[in-house]
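As you go down the protein sequences, you meet chains A and B in turn. Quick note: the first sequence uses my numbering, first residue 1464, plus one each step. Quick note: the second sequence uses my numbering, first residue 11, plus one each step.
Mixed in with the good hints, there may be bad ones.
Quick list of in silico lysine-lysine cross-link-like pairs, PhoX-like style, CA-CA up to 20 Å [said to hold, decoys possible]:
#1 A:K1574 x A:K1616
#2 A:K1465 x A:K1481
#3 A:K1574 x B:K80
#4 A:K1616 x A:K1672
#5 A:K1492 x B:K80
#6 B:K190 x B:K114
Just so you have them, the derived chain A footprint on chain B, three or more residues with Cβ under 8 Å [unchecked claim]:
#7 52–59
#8 105–114
#9 126–137
Keep in mind that the hints were calculated from the coordinates and are not lab data. Ideal placement from N, C-alpha and C gives every residue a C-beta, glycine not left out.
So you can see what is in the structure, the chains are spelled out below.
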Amino acid sequence: MKDIFSYRPVFNELRVNKENIFGAMGYEKNTPEQYIQITDKLLKEAEHAAELQAGYRWLSPGSAKAEHGKLVLVDQVFEIRKIIYSQLHLLDGAAVFAVSIGSGIDNWSRKFFEEDEPLAGYIADLIGSEIAEALADWLEAKIAAHALELGTKHSNRYSPGYCDWSVAEQHKLFSLLPDNFCGVRLNNSGLMVPQKSISGIVGTGAKMKWREYPCDRCSLETCYKQIHKSHETAS
Amino acid sequence: MKDLLEQLGLCVEKGKSDRNAAFPPELRGMDGASELTLKALEAGFSANQILNEALMPAMQRVGDRFAEHKAFIPDLMIAARAMNAAMEHLKPFFESGEAQHRGKIVLGTVEGDQHDIGKNIVKMVLKGEGWDVIDLGTNTSATEFAEAVAEHPGSLVGMSALLTTTMVKMEESLQAIRAKIPATKVFVGGAPLSQAFSDQIGADGYFPDPHSFALHLREIS
Ligand code: B1M
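Could you put the whole structure together from the sequences, leaning on the hints where they help?
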């Protein structure tokens, strides 16, 4: 049975949210006109620099289980720790995924820096990050549709490096995917190349539920999900 | 005459690097930091006066707003760019020794890490502050850091990383640097870092953003 699914969506299928880009700059509101104009201009051009690839490996019931605080996918044992375990312990299948927008946006951003247009370079980089997130949302919706089609349910998506799950586990995760999946390579440090790539898993099974990330149970102060949360509480 | 320095400071603060810059709208069509620096030199102000009475106070004002969360990274960047446009005209005075650089700083993203945007922003802010920045780029090995420090005696070092799996390379680099020149001050920054990590590897400080780093460097230089 086919278990690898890969796609090359077109840019218009993604929901790129400009407000997230301004938020990443630091502006929750009242973004100066100058930055809005540059962002609008670059967003139009970004479409041509992004090379969207997304895909997942579908692990059917029986090839995934969670027990004793660990997640077992095929032959790999993941130390997902408490937070993610609490969300996934009832899974019986999973989708292991990767998405990438290629290196076009990185090169484009770097070129701006070289041409003494650092602000444009910075904003192009932020746009690239937002596109990568939007692509991961797009893929999550595909996985959700797949689950629905098979009459099962799915969780939120979880990535190594978040919610106390070590980035070092990237190597195990990528061992479950074909080489160079969606154009992504891992270096020895577990860094994905191209830079603007995201990996992770979605739990599936009759008892799975999509839940918000439980940030109140994580202590990583530098996590941007926490930072957003503290801003929301403060304002 | 004083107005000239005041206007120059305003241009730096608002990020108006030259006459062609379209922003801010209230300064459209007027001289920017580049033209005003030339005019200030022609009017007889010394390079040090321009630096200390116009450019640095302007950067300080942006920095203060940044520290109060009223200005953000893009504001720091446009100010630093305007500052750099002014500094271009002051370069000959630094080269002749008539005015002084703050010193040299070696910057690099550690081995195994390709993330350069954070380091690049730090670089431009430090250049704007008058530092001579030696940029080693990304994926910089411990040996490359150590060699750069040996090549530029007296330089400080700033290291950047994106992930917990790459930041571990900082300790190795720090040891290689200190093995060459023991007294070298080494600072660290990047998204997953913390002061606790900096203490653990024996670095001289962690800085979450370019402004706090620049302020500290000002204090120790
Ligand atoms: C002394 O010298 C100094 C002083 C100051 C210094 C300095 C040196 N160097 C930097 N500074 C400082 O000044 C600069 C200017 O302000 C700053 O530099 P930065 O580089 O930090 O800032 C940039 C200008 C803008 N900031 C950024 O580009 C990073 C922002 C955050 C939100 C982030 C983003 C945007 C992204 N990411 Co992700 N990402 C996060 C980040 C969370 C955060 N709080 O920052 C971080 C870095 N990411 C993380 C992770 C885990 C990951 N990300 C990933 C992917 C992504 C996106 C693609 C979605 C996107 C782009 C990433 C990229 N490399 O381009 C993955 C890795 C990507 C890869 N290539 O391998 C992935 C591994 C997730 C996954 N499994 O897919 C976390 C790392 C945690 C860890 N354990 O290592 C993370 C801290 C998020 C979190 N948990 O909060 C300061 O740090």
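Evaluated hints:
no.	hint	verdict
1	A:K1574 x A:K1616	violated (44 Å)
2	A:K1465 x A:K1481	violated (37 Å)
3	A:K1574 x B:K80	violated (29 Å)
4	A:K1616 x A:K1672	holds (7 Å)
5	A:K1492 x B:K80	holds (12 Å)
6	B:K190 x B:K114	holds (17 Å)
7	52–59	violated (count 0)
8	105–114	violated (count 0)
9	126–137	holds (count 5)
Violated hints, listed in ascending order, are 1, 2, 3, 7 and 8; each of the other numbered hints is respected by the structure.
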